[in-house]
Amino acid sequence: MMIQFHSVAQFLAMGKYAAYVWPSYGLTLLVVVLNIFWARRLLAHAQRDARRRLVMQEERV
Amino acid sequence: MTWTWFHRLGSPPYVYRLAGRLTPWFGWSAAVLIVAGLYGGLVLAPPDYQQGDGFRIIYVHVPTAWLSLMVYTYMGIAAAVGLIWRIKVAHAVAAACAPVGASFTAVALATGSLFSKPMWGTWWVWTPRLTSELLLLFLYMGYMGLRASFDDTQRADRASAVLAVVGIVNVPIVHYSVVWWNDLHQASSVTLTGKDTMATSMLVPLLVSMLGFTLYFGALLLVRLRGEILRRERAAAWIREALA
Amino acid sequence: MPPSPSALTTPLTAARLVVTRDLMLAFRRPEQLLHPLAFYVLVTTLFTLSSATPERSVLRTLAPGVLWVAALLAALLALDFLFRDDAQDGTLEQYALSGQSLTWLLLGKTAAHWLLTGVPLAVMAPLMGYTLGVPGSASVGIMLTVALGSLALSFIGSIGAALTLGARRGGVLLAILILPLAAPILIFGSNATELAIRGQAYVAPMELLGAIVVLSFTLAPLAAAAAVRISLE
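Residue numbers (the working numbering), protein chains in the order written: chain A, 3 to 63; chain B, 1097 to 1340; chain C, 429 to 661.
Any given hint could turn out to be false.
[What the hints assert, rightly or not] Incomplete in silico selection of chain B near chain C, CB under 8 Å:
(1) ILE1183
(2) GLY1241
(3) ARG1254
(4) GLY1263
(5) VAL1267
[Stated by the list, open to error] Chain A side only, calculated, beta carbon under 10 Å to chain B, not exhaustive:
(6) PHE7
(7) ALA11
(8) GLN49
It is worth saying that the hints were derived from the structure and are not from the lab.
No experiment lies behind these values; they were computed from the predicted model shown.
C-beta atoms are modelled at their ideal positions from N, C-alpha and C, and glycine is treated no differently.
Given these sequences and hints, build the entire structure.
Printed below as a string of structure tokens:
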């Protein structure tokens, strides 16, 4: 398999489909990254809340 | 035959720890495969005879569409297991799946539009496949909306589980719509045998990309699952150790 | 000790008793039934009023869509009182605890609901079609298609109504939940109505609609019963 494009300019142009190809890839990668953030945030919040609850329980004792 | 491994999967602390250990494996292998698949699709695959370089969109469209269906299937099965056997971990899996599935359904629809506009001159057609995929997005949103409307997590789990199971009927409709009806969307081209297979140089990056996205979903699920488990285990003793 | 009720009554009998009860109760307060019907008339009339130049031919082309969307919205409105009264006064709880199959009881309730809401809609539809420029010859076809479609809508809607029983802002949520499940009914139903209006054979989409009806009245009460039990927990 060989690289199909002869120049960076040709690669970016995507044979006149650039306006469709790059937004597609861009949107997909954006959502990929966002999901990673959301997942880690969900876990971090849940861990923080669980720690808080533990502290409150211990204080009650 | 020992079924202990299966029973352990119903134990929140066990799953919490296991998920934590597995996440890096899923995450990094996903990253490698996605980069390799997208590079192969963008740079190495030859341009299509009819669709030129525009066809390269399929390297993100097909994996995200695949994810949208696969994630709903997991969600529905987990919901059914949670409903029938009252297993909290199963409900946690279903809850973890939904936002991921919904976002990738939206991406599949968007990339599909971006593909169909240059190729067939229209952003949208009300064909069975596109319509049922749009309905899939509404099902995800309804699921998340129903969850959010309950204050009690257990009620939310069980009610949304019924909805998830009822909605499963849509998944085969989306998949087989191009077989049952004449559709603008092309019939299945991701086959390994038969007359309509794609050229290997085009197919391999697609398969790599699909596998990469699947593993990526696995990593996301593992992280979200841990969060959902913690949310459901208010006063459990194991949490103290697990968070230390 | 007297024998337990479930030993005397078969599920079908229980369902029939529920139907009779619901019909009797509804006729004591008929205003409730008029709301969805009035809504239907209003929506279709608004449509004719709002089109800038309501040319008969144009209206007729749009008629299937208008008739069906309005019917769907009216059905959503009507679903609100499928379970509401019984949930409030505790009857629903009694149904769940009765030892009778909740699935069959809900089958009866939903069937009664359709008789009270769907059938009037079906009868009204050709009249509203007339205001949209539809010829009278299509009346039977319109009535049959809307009747069948509203039957499926009642059953699928019962799942949503049961799920949103305990939820805040249930009405809006119900619409969001029902929409993806009701879409096939809308698609085939309006297709059948369109063919009927054009005077062509509408058997094919009716058969598909019929299949959806059969699926929904066998499976929907099961899901609705599960949802009701969850709401009553």
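Outcome of the hint check:
1. About 16 Å separates the beta-carbon of ILE1183 (chain B) from the nearest beta-carbon of chain C, more than 8 Å, and the hint is not met.
2. Interface restraint check for GLY1241 (chain B): the shortest CB-CB distance to chain C comes to about 6 Å, inside 8 Å, so the restraint holds.
3. Evaluation of the ARG1254 (chain B) hint against chain C yields a held restraint, the C-beta minimum of about 4 Å falling below 8 Å.
4. Checking GLY1263 (chain B) against chain C by beta carbon gives a least distance of about 7 Å; that is within 8 Å, so the hint holds.
5. At about 12 Å, the closest approach between the beta carbon of VAL1267 (chain B) and any beta carbon in chain C exceeds 8 Å, and the interface hint on this residue is violated.
6. For the restraint placing PHE7 (chain A) at the interface with chain B, the shortest Cβ-Cβ distance is roughly 7 Å, inside the 10 Å limit, so the hint holds.
7. A cut of 10 Å between beta carbons decides the hint on ALA11 (chain A): the least distance to chain B is about 13 Å, and the hint is violated.
8. Hint status for GLN49 (chain A): holds, given a least beta-carbon distance of 6 Å to chain B, under 10 Å.
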